[in-house]
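**Q** On the provided structure of chain A, position chain B as indicated by the hints.
Residue numbers (our numbering), protein chains in the order written: chain A, 1170 to 1317; chain B, 983 to 1115.
Source of the hints: derived by calculation from the structure; they are not laboratory data. Check before you lean on any hint, since a few could be wrong.
[To be verified] Footprint (simulated), chain B over chain A, 3 or more residues, beta carbon under 8 Å: (1) 1212 to 1220; (2) 1261 to 1271; (3) 1289 to 1302.
C-beta atoms are modelled at their ideal positions from N, C-alpha and C, and glycine is treated no differently.
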Amino acid sequence: MAVEAAERPPSTPSRGALGHRTGRVRPAGGLELWSWLFMRISGVVLLFLAVGHVLIMHVFDGGVSRVNFGFVALRWQSPFWRTWDWALLVLALLHGINGLRVIVQDYVKWPSARFAVNMLFYVVGFSLFALGTVIVFTFDPRRWPGAS
Amino acid sequence: MAKRKTDVGTLYKGSPGQWSWIAHRITGVAIILFLFAHVVDTAVVGWGPTAYDRVVAVYHNWGVRLLELGLVAAVLYHAINGVKIMLFDFWPGTTRYMKQLSIGSTGLFLLAMVPITWIMGRDILNLSLGWNL
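The following block holds chain A by itself, in its conformation from the complex (with noise of 0.2 Å):
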């Protein structure tokens, strides 16, 4: 934690090869480039399950309003499905929160102030992480007789 507090260049977007600026700056090395690679990685597989998701449970074959508890119960019989909520319940997670540490880092500089904020964030996402992964594996719909 105590490294994340050293200072890098805020993330200003970076200059391409006529002088546009375009994302942040790639990062020298070390933790943040590894974590400025990890966006670029997620991103590409999120661009399959969060878009796909959404456009799933969202805006195809009735949206939102078909889904209820028998439906969940259907959908989740499928190992398929399971792991594919799973998978992007961490990628979201991960990615969400890292994007907000690297928000943070732009905009919260006093160290003490931005070393709470991002603490705060981490013990959200993995609550919220925990809880996700205990729900998708353990759910059994079997315990409600009748329900779906």
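**A** This is chain B only, laid out in the frame that chain A set:
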């Protein structure tokens, strides 16, 4: 080089990527904040049908549906703009076409939003005004 008007007036100094950069941040923050709530509401499924169906009923409210349309737009924008960022990052030569790619990706986003707005908007109108589209 003479200062362009955009070099002075705006917060991020008016480069072509500034608006997509700020939009990427805003949509990203919106999505993660929604995700915090969404993991909890989905987890309620582990407490059985009565509890879950009561929570999910929130999503059947038309005002929440409107927010849901915004969420879909945010995810789509963030995804398409993310691809654009990776293009620039991994193939720096593509920044030569930054303007075209920016217009193209924004156009793709808007184009995709047309049928999505129709599909989701129909539900919203049906729910709010009792229409039967």
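**Q** Under a C-beta cut-off of less than 8 Å, do 3 or more residues of the region 1212 to 1220 of chain A approach chain B closely enough to confirm the stated coverage?
**A** holds (count 6)
**Q** With a Cβ-Cβ cutoff of 8 Å, does the region 1289 to 1302 of chain A contain at least three residues near chain B?
**A** Three-residue rule met by the region 1289 to 1302 of chain A, so holds; n is 4.
**Q** Given that the region 1261 to 1271 of chain A was listed as covered by chain B, double-check it with a C-beta distance under 8 Å for 3 or more residues.
**A** holds (count 6)
The structure meets every hint from the earlier list without exception.
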